[in-house]
Amino acid sequence: MTGLLERIGAKLLHISAVMGGFVLLIRSTFFWIFRSRLEWRQTLIQMAKIGADSLPVTVMTSFFTGMVLALQTGISSQRLFNEPLFVGTVVSFAMVMELSPVLTALVVAGRAGAAIAAELGTMRVTEQVDALLTLGTDPVRYLVIPRFLAFMLVLPLLTVLSDFSGSVGGLFVAVMRFGIPDNTYWHDIIDFMETKHFYHGFIKSAVFAFAISFICAYKGLSTSGGAEGVGRSTTGAVVSSMVAVLLLDYFASSVLVAMGIP
Amino acid sequence: MIRIRGLLKSFGPRRVLRGVDLDVGAGETVAVIGGSGCGKSTLLKCVVGLIPPDGGSIVVDDVAFGSLRDEADRSEWRGKFGYLFQEGALFDSMSVWENVTFGLKYMTNTPPSRYRRIASEKLALVGLKGVEDLKPAQLSGGMKKRVALARAIAASPRHILYDEPTTGLDPIMSDVINSLVLDLQKKLGVTSIAVTHDMNSAFKIATRIAMLHEGRVLASGTPDEIRKSSDPAVRQFIEGRSSGPIGDV
Ligand SMILES: Nc1ncnc2c1ncn2[C@@H]1O[C@H](COP(=O)(O)OP(=O)(O)OP(=O)(O)O)[C@@H](O)[C@H]1O
Ligand SMILES: [Mg+2]
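Sequences listed follow chains A and B, in order.
Heads up: the first sequence runs through residues 44 to 305, numbered per the numbering used here.
Heads up: the second sequence runs through residues 94 to 342, numbered per the numbering used here.
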């Protein structure tokens, strides 16, 4: 009985230590963001890395998702109305509000997030993080802030690209499979889509960027135990980021809806 | 000047430092000797502020580590030291010269146009030529160690903490490094702590030697006093015998 209680207690202590460390990392990031010169070069390098790593997969994923959405919508509405109606509307709303932000975040977490956790984890176990400290800078300043800013800038951009490529994928199927004129397809989008729908997805992707960058940076910097530890932090970072994206998606959506950003 | 009093540090149940007292006067080099795993690296990391101690005090030039308020203060504290890591800890994504001059951007006002020349100068001091553009992965163990030493001294720190400066070097290179440490002390008045296993090196570079044993400073004195010490543990260590009080713990 006491053994069980002890184990539960130890687990709770561990969880609160992790949460505490995570919050401290965020606090420290905002402490330094306003107190130190920005590492421009590092930030640009990271933006290029995240973009180049994730762009092809993002575009592919959303293109095919757009295609399958158009296919399903077309078939359903053919059954109901004998005619494929509003294919562009359904595809674009689904992409812009839900699928682009979530899928892009999942792809980026798997590529760029994993890379961050592995890189920072390796630097931690080989004492390179400590070396930064003794050379007058700080892992938060030199490593975390550039990655955080790069995520905040690049993930929303990738999401917009994914909106577009998903819609094009849908167009492809609409035209080739259902013979919908491309004019009709675009009108179905433009007639219903408003900027606030676009903001909904855009803001969510920024929330995801925040979560993924801090989770992966935290996992990387708190690595211990050599190469095995680096592997553990990397998979841990990806899994936690993906779960966080899916959970935050619901909460961010409800908050945005409550604020009148549908 | 570095003053350490009653320094405590445990890792879980393992009590590594159990009340270390150590004084390093301005312009002195104190060699810290002691068995493998006795906490020498831990001591240096506490001094530089990489590991928070569990108790005790560290004072450097009249500022106490305990009195630092936030990250910015602690960052400034760390900037007072040059630190040579036992394993080098070179940045593997950067070339050798970028490694050596990394700290200049944060700790000095040197214009970046001079970095490369400074890197070559510091590398020459540790006996390296023509390696500026290599990556750390292309260096041998001893070369890495020397690049790391060049990086530790690049910003001309007033205090230097060396974690085993001559480990992994051939006898000639060891002597080059010993002379460099001596020069830094004699010509620039640098205050240093040098952790070492190498008794030759300790006798050559140190103004005083302190022996760490069971989490405390067991004996300290000038190299001559240590050489003549009658403490059985000290004798066992400097004579390198496997049997004796240290082996029995
Ligand atoms: N981060 C850590 N977590 C847990 N234990 C640690 C940690 N760092 C050091 N230790 C333990 O503290 C003790 C002292 O380690 P330290 O690295 O200071 O030894 P050392 O005197 O430098 O040894 P060596 O001469 O072999 O380098 C060791 O027993 C080690 O297991
Ligand atoms: Mg050591």
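These are calculated hints, taken from the structure and not from any lab test.
Every residue, glycine too, gets a C-beta built ideally from N, C-alpha and C.
One or more hints might be untrue.
[Stated by the list, open to error] Derived, one-sided and incomplete: chain B residues facing chain A with beta-carbon distance under 10 Å:
1. P145
2. E180
3. G181
4. T201
5. A241
6. L254
7. E307
8. V310
9. L311
[To be verified] Under the rule of at most 30 Å between Cα atoms (straight-line distance), these lysine-lysine pairs were calculated in the DSBU-like manner:
10. B/K297 - B/K198
11. B/K321 - B/K280
12. B/K228 - A/K92
13. B/K279 - A/K92
14. B/K198 - B/K173
15. B/K173 - B/K222
Among the hints numbered above, which are violated by the structure, and what are their numbers in rising order?
1, 7, 8, 9, 10 and 13
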